[in-house]
Amino acid sequence: MENSDLNGANGIDFVVLKNVSKYYGTFRALDNVSFTIKEGEIFGYIGPNGAGKTTTMKILVDLISDFQGEISIGGHQIPKERNEIHRLLGYLPQNVAFQDWRTVNHALTTFGRLSGLSLQKVEDSIPKILDLLALSDVRHKKISQLSGGMIQKVGLAQALLHEPKFLVLDEPLGGLDPLSRHQFKDIVLKLRNKGTTILFSSHILSDVQDVADRIGIISRGKIRQIGTLNELKSNLQPQNIVEVLLSYVTDKWVEFKSINGVKSVEQPSPGRILVYLAEGFDEAEVIDALVQAVARLKIKVRGITLLSPSLDEIYLNYVQESETT
Amino acid sequence: MSLALLSIDELRGFYKSKVMLFLWVGLPIIAILFRFVQVSTTGQDISFTVISTLIVSSLAGTLASVMLAVSIINEKNRHVYELFLIRPLKRRNILFSKYLSVYLCVAIASLISVLVGIVTDFIIGGTLSPAVFDSLGQSLAISFSMIAIACAAGVLIGVASPSVLVGAILVIYGGNQISVIPLLPTLLNTSNATLITIALAVVTAAALLAGAVALFERKQF
Numbered sequence: 467m468e469n470s471d472l473n474g475a476n477g478i479d480f481v482v483l484k485n486v487s488k489y490y491g492t493f494r495a496l497d498n499v500s501f502t503i504k505e506g507e508i509f510g511y512i513g514p515n516g517a518g519k520t521t522t523m524k525i526l527v528d529l530i531s532d533f534q535g536e537i538s539i540g541g542h543q544i545p546k547e548r549n550e551i552h553r554l555l556g557y558l559p560q561n562v563a564f565q566d567w568r569t570v571n572h573a574l575t576t577f578g579r580l581s582g583l584s585l586q587k588v589e590d591s592i593p594k595i596l597d598l599l600a601l602s603d604v605r606h607k608k609i610s611q612l613s614g615g616m617i618q619k620v621g622l623a624q625a626l627l628h629e630p631k632f633l634v635l636d637e638p639l640g641g642l643d644p645l646s647r648h649q650f651k652d653i654v655l656k657l658r659n660k661g662t663t664i665l666f667s668s669h670i671l672s673d674v675q676d677v678a679d680r681i682g683i684i685s686r687g688k689i690r691q692i693g694t695l696n697e698l699k700s701n702l703q704p705q706n707i708v709e710v711l712l713s714y715v716t717d718k719w720v721e722f723k724s725i726n727g728v729k730s731v732e733q734p735s736p737g738r739i740l741v742y743l744a745e746g747f748d749e750a751e752v753i754d755a756l757v758q759a760v761a762r763l764k765i766k767v768r769g770i771t772l773l774s775p776s777l778d779e780i781y782l783n784y785v786q787e788s789e790t791t
Numbered sequence: 002m003s004l005a006l007l008s009i010d011e012l013r014g015f016y017k018s019k020v021m022l023f024l025w026v027g028l029p030i031i032a033i034l035f036r037f038v039q040v041s042t043t044g045q046d047i048s049f050t051v052i053s054t055l056i057v058s059s060l061a062g063t064l065a066s067v068m069l070a071v072s073i074i075n076e077k078n079r080h081v082y083e084l085f086l087i088r089p090l091k092r093r094n095i096l097f098s099k100y101l102s103v104y105l106c107v108a109i110a111s112l113i114s115v116l117v118g119i120v121t122d123f124i125i126g127g128t129l130s131p132a133v134f135d136s137l138g139q140s141l142a143i144s145f146s147m148i149a150i151a152c153a154a155g156v157l158i159g160v161a162s163p164s165v166l167v168g169a170i171l172v173i174y175g176g177n178q179i180s181v182i183p184l185l186p187t188l189l190n191t192s193n194a195t196l197i198t199i200a201l202a203v204v205t206a207a208a209l210l211a212g213a214v215a216l217f218e219r220k221q222f
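Going down the list, the protein sequences come from chains W and E.
Here this note's numbering runs 466 ahead of the position in the first sequence, where the first position is 1.
Here this note's numbering runs 1 ahead of the position in the second sequence, where the first position is 1.
Looking at chain W on its own, in the form it has when it is part of the complex (with noise of 0.2 Å):
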């Protein structure tokens, strides 16, 4: 499910983040942040503990204004323009809280209603996302009862409930169950797809693999990168190389360089060839070659691999390269 494409993007920048810095103190837990989000794009959004994930997006939200550097958000500067853009947020906290006497219901009505839409809207919308985050059989159940995937749910409906233009989602996928993750995912995916621009802030990289369109490396308070998985793959390793593991030892993959993108061959083991791909050509073709390649030559191989670094190993590079710095 990579989405390098921005399916539901459309190509105006929405949020716009310029030489961001927050202090507490003496401790610098923004380090002039600067990046974009274009419209109906989903951006993951990962980083250590203690990055600065949580204080972006709680600038973001205007919970924190005493920041430097500029934002705005659907063309409105934060903190000048606060009551426009509030018009257009849903977010959902790390740790979502509600008041103990809240049900479901009640606490749905309450802050669709905060939020500016009327009250027949807000009934008939419930019902709607109830049934989405399959939450309808705890309607009129006390939030304090319910479990923390489930709370965690109710979070995510109260910032969906009024169907905000921009989603902040700030560790959205923590304390749900694999079928609701992927449920969740699936939603996010949808909202997208409707133009609903997105930061999703997650420790579980696949996940953000999974739904982001561009990802940003945060460590220590400074942006480390940003752009699309395959961006940010092909900025940690420019060269694809394909891994090919020969059931007998034999010389025949000398002919391997001959093939239109590949660049270099070499055997680093006996039986272990590692064939390096030109830039500019396509990934896919060049592969599809090299097999036909080891079938014209009647080559026996076990395993034919491309070496493309997973988000993990991107996402560890990036950070312990920011720590050594």
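Derived by calculation from the structure, the hints in this document are not laboratory data.
Bear in mind that the values here come from a model prediction, so they are computed numbers and not experimental data.
Even glycine gets a Cβ: it sits at the ideal position worked out from N, Cα and C.
Below 20 Å or equal to it, Euclidean Cα-Cα: the simulated SDA-like pairs (lysine to any residue) are:
#1 W:Lys587 with E:Ala5
#2 W:Lys718 with W:Ile753
#3 E:Lys77 with W:Asp528
#4 E:Lys19 with W:Ser610
If you want a taste of the chain E side facing chain W, the calculated C-beta under 10 Å gives, among others:
#5 Tyr16
#6 Ser18
#7 Ile87
#8 Leu90
#9 Lys91
#10 Phe222
Starting from the structure of chain W, add chain E where the hints point.
Chain E alone, transformed into the frame defined by chain W:
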């Protein structure tokens, strides 16, 4: 709009969490118990209306301060306000709605206590002394004024305190003491004591609330 919504929401919360029950039933019961203790220990069968007004004055202010301070500190520390603050409403309305709903609940509890006093006096004595009604207006003015100041002090302490424990200490140190300001005109035998009492309450409560709002507006969540 948001102030009305938030205030109704708070009142619903008090109803759901049985705060109203404990206030509206509890305070009159304490007043009745206090009367019988008073009778059995001193043998003086004084007007219950006077006793209930005294009880209201001493207890209701403390209740109001504690309710507001504890609820604000608790909700602040649990990050409950985050979901409110990201919506298009004025931050100050969160505090005003809490103030109004607690004031209303405690004022009604006080009124019920005084009414119970009047009814008890009538049942026991068969008649009501005109003196009771003469002092009733001033007593209620003092009570409601004390509650108004105590509520404002509770809001300020709630916003400023980092923990429930600190909040409780501050309520006992300051909230209780400042709420006796409306008693001064009566104690000093000033003319127009009732009017001055109300004016003092309005000014003091407004100043305390303004301080609370200023702090809350600047607060980083």
